[in-house]
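Chains as they are written, first to last, in this note's numbering: chain A, 38 to 199; chain B, 60 to 421.
To be clear, the hints were calculated from the coordinates, so they are not data collected in a lab. Treat the hints with care, as some may be off.
Unchecked claim - For each label pair, taking beta carbons as the anchor points, the in silico distance ranges come out as: (1) B/Phe349 with A/Glu101: 35 to 45 Å; (2) A/Phe42 with B/Ala107: 52 to 62 Å; (3) B/Pro67 with A/Pro52: 32 to 42 Å; (4) A/Ala142 with B/Met304: 49 to 59 Å; (5) B/Ser254 with A/Ile45: 21 to 31 Å.
As the list claims (entries may be wrong) - Below, a list of computed lysine-lysine pairs in the BS3-like style, where the Cα atoms sit at most 25 Å apart: (6) B/Lys111 with B/Lys298; (7) A/Lys103 with A/Lys174; (8) A/Lys151 with B/Lys111; (9) B/Lys383 with B/Lys142; (10) A/Lys185 with A/Lys170; (11) A/Lys39 with B/Lys187; (12) B/Lys142 with B/Lys113; (13) A/Lys39 with B/Lys258; (14) B/Lys113 with B/Lys383; (15) B/Lys381 with B/Lys113; (16) B/Lys145 with B/Lys383; (17) A/Lys56 with B/Lys187; (18) B/Lys258 with B/Lys82; (19) A/Lys103 with A/Lys170; (20) B/Lys150 with B/Lys347; (21) B/Lys145 with B/Lys370; (22) A/Lys64 with B/Lys234; (23) A/Lys151 with B/Lys113; (24) A/Lys64 with B/Lys298; (25) A/Lys174 with A/Lys185; (26) B/Lys111 with B/Lys381; (27) A/Lys64 with B/Lys187; (28) A/Lys51 with B/Lys187; (29) B/Lys234 with A/Lys51.
Beta carbons: idealized from backbone N, C-alpha and C, even for Gly.
Spelled out from the first residue to the last, the chains are:
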Amino acid sequence: MKTFFNTIGNLFRKPVTTKYPFEPTFKPDDYRGLIGFEESLCIWCRRCEAVCPPGAIVFSQDMEGKQTYHFNRAVCIYCGECVRACPREGALFQTAEPAPCALKAENINNGWNKLFDEAIESRERYAAEKKKKAAEKAAADKAAAEAKKTMEGDEGMNPGNN
Amino acid sequence: MGRQYEIPVGAQHISLLEPLHFKFTTENERIVRTDANVYYVHRGIEQACCSKFKFRQVSFVVGRVCGLCSISHTTAYSQVAEKLLKIEIPKRAKYLRMLVIELDRIHSHLLCLSHVAENSGFEALFMKTMQYREFSMELLEAVCGNRIQYDFSIVGGVARDLKPETGQLILQRLKNFMPQLEELVGIYQHNWTLSLKNKGTGVLTREDAMRLNVVGPFARAAGLAVDVRNETEDLLPWKEVGFEMITDTAGDVHARNMIRLREIGVSIRLIRNIIDGLPESALLTETKAFPDGEATVRLEAPRGELFYYAKGNKTQVLERLKIKAPTFSNVAGMVHAFTGNEYGSAAAIIASYDPCLSCTAR
Chain A
38 MKTFFNTIGN LFRKPVTTKY PFEPTFKPDD YRGLIGFEES LCIWCRRCEA
88 VCPPGAIVFS QDMEGKQTYH FNRAVCIYCG ECVRACPREG ALFQTAEPAP
138 CALKAENINN GWNKLFDEAI ESRERYAAEK KKKAAEKAAA DKAAAEAKKT
188 MEGDEGMNPG NN
Chain B
60 MGRQYEIPVG AQHISLLEPL HFKFTTENER IVRTDANVYY VHRGIEQACC
110 SKFKFRQVSF VVGRVCGLCS ISHTTAYSQV AEKLLKIEIP KRAKYLRMLV
160 IELDRIHSHL LCLSHVAENS GFEALFMKTM QYREFSMELL EAVCGNRIQY
210 DFSIVGGVAR DLKPETGQLI LQRLKNFMPQ LEELVGIYQH NWTLSLKNKG
260 TGVLTREDAM RLNVVGPFAR AAGLAVDVRN ETEDLLPWKE VGFEMITDTA
310 GDVHARNMIR LREIGVSIRL IRNIIDGLPE SALLTETKAF PDGEATVRLE
360 APRGELFYYA KGNKTQVLER LKIKAPTFSN VAGMVHAFTG NEYGSAAAII
410 ASYDPCLSCT AR
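Here chain B stands alone, though its shape is the one from the complex (with noise of 0.2 Å):
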């Protein structure tokens, strides 16, 4: 046995973009052992949704745990919310929520891919990937007026309809977007300098990630086929746009990079099929009840799978409000998968693992 060292990784460091402390024990470069602490930005929202803030303000606030996907929140909150008040909302809103779900999607694995690439010190790619990435905020800045903070899900329905003419232009967009799609796949794939960083790295195979319970496509690229878009139906009718889940068997930083990649090629055909099928009704259903009674929700955000539970007294300020965020439910299998590699692989396998550490800790 060699001598060991500790290295700790953050709660500030350069490759990090969360506040987010790793402490790797080391033998000869291998990593041993990883400890990680993740609670460095509690700010306690759950207390101000149950205290300071009415029931159908909570959506806004929901919105600002996570600027990666706050649709995700809001839109979880808000069907939690209709839950306790028992109402179902239209059929084009829910339509519109999947539409900026997906956008949401493909614009939050574009950054991640980004990350990776960065992280594995190929800065060129990252420069492309963000640029690729753009059109999609600038879809969702036409779809909901704003590029982070969507506020697009309120409770009972959303907030603004989609126009013609800006499903057009994401139809249009998503044409420009294909050839790119097609070159990035390409790159990340068959990239001989990248693949020395990212194949068979950071591996978590199924018989772990099962044991882990590891959510989202850290899980899907272990060959685990979880993901709740293809679970529920009820609230959101993933299956009748054309969802497909998307499995690897790798389970490494590789086999991360390309699941999120189909994922996006699989987001744009749902986006697609969205605006072409979209329903007419109205947007909002309107309601003068009180939440009353408990209630969970769980969405497919980006990162993984999203709880909710919410717990209403009849009064506008909810009784209890809990998140539990994808990241929360990857932290186990993020320290396993680190064993055996290299340390300086490290910072590209924290940022395949795609964690918001702003959800988890709240």
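Bound-form chain A, shown alone (with noise of 0.2 Å):
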């Protein structure tokens, strides 16, 4: 006889489910969405990039040295461990708005794994440019030190010059 009752009040009831798209569900203000980057305040130490799990954060650095962060939504598993590793205050932040949906166009897959293999080349060219200059600054102290001490060697073995 319940179960009747119950049957008939279930028509007028109204239903559990929300109209999704169109009603708001429940969504928590500390919910895990984006990750936001401030290039004001970061200070290149790549660390958010070392610890990243998935390898959704990615640094390119051009020949002038400056860097570049990459950040991909689709890779990212919005854990909040890049905002944690993060030493300034303010540099990475996660925001509470969820990530929006990938497009064919965006090609965010392979694109991103192109994009991922190119960064660590751009850096170790750069890497390898700077350690060549360095080398050649190196070789041009050393001959110029070299020289110096020839002069000075030079100014030695006169001294009755004066």
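Assembly of the complex is requested from the two constituent chains, each provided in isolation within its own frame, with the hints serving as guidance.
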């Protein structure tokens, strides 16, 4: 009998489900959403890139040594590990905004893999260039030092000139 | 002896949510023999954890082993890594880990119950249980920031703090849930239609459960008092927050349902105690050490005992990580408990085991 009245009552009860895209669903204030980046505060230590479990952050570097931050919202798992690892408060932060869907035109997977490899390569290129320059500089310094030494030696060899 | 038929169920089947394959040998609708094949989803996670990822990143990788007991895997891994690093985590972190594990247990048990109802042919109860389960998902989202992949435990502590208003929200929602839980207990216990499919089917006796090393609610329904929460006290202080063992004697599908419902009651009490007595301390123990030596950890996941073994070699990458999931321990018991039942009950019995093959095959 109780079941019967329940069934009749169910005809007039409101549905439990919500009309999701038109009505908001439950969302806590500190939802784990998109990772934000504040370039002016970044100290370019690349610690976030080192700790990121899926590898969703990568820094590329041009030949002048300027680094650029790249972030892939489709690879990111929103764990917040980069925010915890960041030594500079406010440079990386987690917003409560969910990530938008990836579109086909973005080519988010293959494009990202390519970008990731290129970024690593650009850094290596910069490091190699820097090393080369450092070596050249060291060689030049050494040559200069040797020249100086020779000059000093020459001076030392003729003390009686004065 | 009548004619025997072999009926394959799985690896893809309408009543199975998991990629598992059973081959039933039936005789006049009665199951006389069962073979199981559970390794359909090998993903190579253990190998990835020992080669590609650093040990601090592994806790996020093992969280993806299973969607339902994500927090059990991350916590078990974090604990084993903390043993290798030889650090002690703050007390607040321990309490918060317990809180999320218990919330997770509520949602996992309700999911299992709803599938038992669905596979027994009671679609309306499936809908009702799923409706009541939603609150636990929302609470998990409020605590961890995500509905399924919690990423809550990290090596050395927990990632997020519990805000006081979230604690109040949890208590409020649990209060709202109590009458719903009583309603569910009433239906699962007394509904005549459900009892036809559930009472006396899939029976596993206490002796068999002991012999076949069954764990979790499956064992507790058979009268075997095994629960890691009752045995270990060093890593998470379960008894301090009022853990209580729940056992039944019947060992059938109905007993498993009742065990799960009563465990939800215990979980609710534990959560209330945790929130009331949440100690104030830091959330994270920082260390710069690298994992060294070997360690094992046992943890009570919703489905039973979860076992982790890890070996470190003083580098960033672990040398070996071994995961033994509760369903793996239960496979022998699962195969045994089918014998003598009608083939028509097989679907409900499978659901009542609450198998998690993604955990098992990794």
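Going down the list of hints, with the structure as the test:
no., hint, verdict
1, B/Phe349 with A/Glu101: 35 to 45 Å, "36 Å, holds"
2, A/Phe42 with B/Ala107: 52 to 62 Å, "56 Å, holds"
3, B/Pro67 with A/Pro52: 32 to 42 Å, "39 Å, holds"
4, A/Ala142 with B/Met304: 49 to 59 Å, "57 Å, holds"
5, B/Ser254 with A/Ile45: 21 to 31 Å, "25 Å, holds"
6, B/Lys111 with B/Lys298, "38 Å, violated"
7, A/Lys103 with A/Lys174, "21 Å, holds"
8, A/Lys151 with B/Lys111, "19 Å, holds"
9, B/Lys383 with B/Lys142, "18 Å, holds"
10, A/Lys185 with A/Lys170, "22 Å, holds"
11, A/Lys39 with B/Lys187, "17 Å, holds"
12, B/Lys142 with B/Lys113, "16 Å, holds"
13, A/Lys39 with B/Lys258, "24 Å, holds"
14, B/Lys113 with B/Lys383, "21 Å, holds"
15, B/Lys381 with B/Lys113, "16 Å, holds"
16, B/Lys145 with B/Lys383, "23 Å, holds"
17, A/Lys56 with B/Lys187, "19 Å, holds"
18, B/Lys258 with B/Lys82, "23 Å, holds"
19, A/Lys103 with A/Lys170, "17 Å, holds"
20, B/Lys150 with B/Lys347, "20 Å, holds"
21, B/Lys145 with B/Lys370, "13 Å, holds"
22, A/Lys64 with B/Lys234, "20 Å, holds"
23, A/Lys151 with B/Lys113, "23 Å, holds"
24, A/Lys64 with B/Lys298, "33 Å, violated"
25, A/Lys174 with A/Lys185, "16 Å, holds"
26, B/Lys111 with B/Lys381, "15 Å, holds"
27, A/Lys64 with B/Lys187, "22 Å, holds"
28, A/Lys51 with B/Lys187, "14 Å, holds"
29, B/Lys234 with A/Lys51, "22 Å, holds"
Violation of the numbered hints given earlier is confined to hints 6 and 24; the remaining hints are satisfied by the structure.
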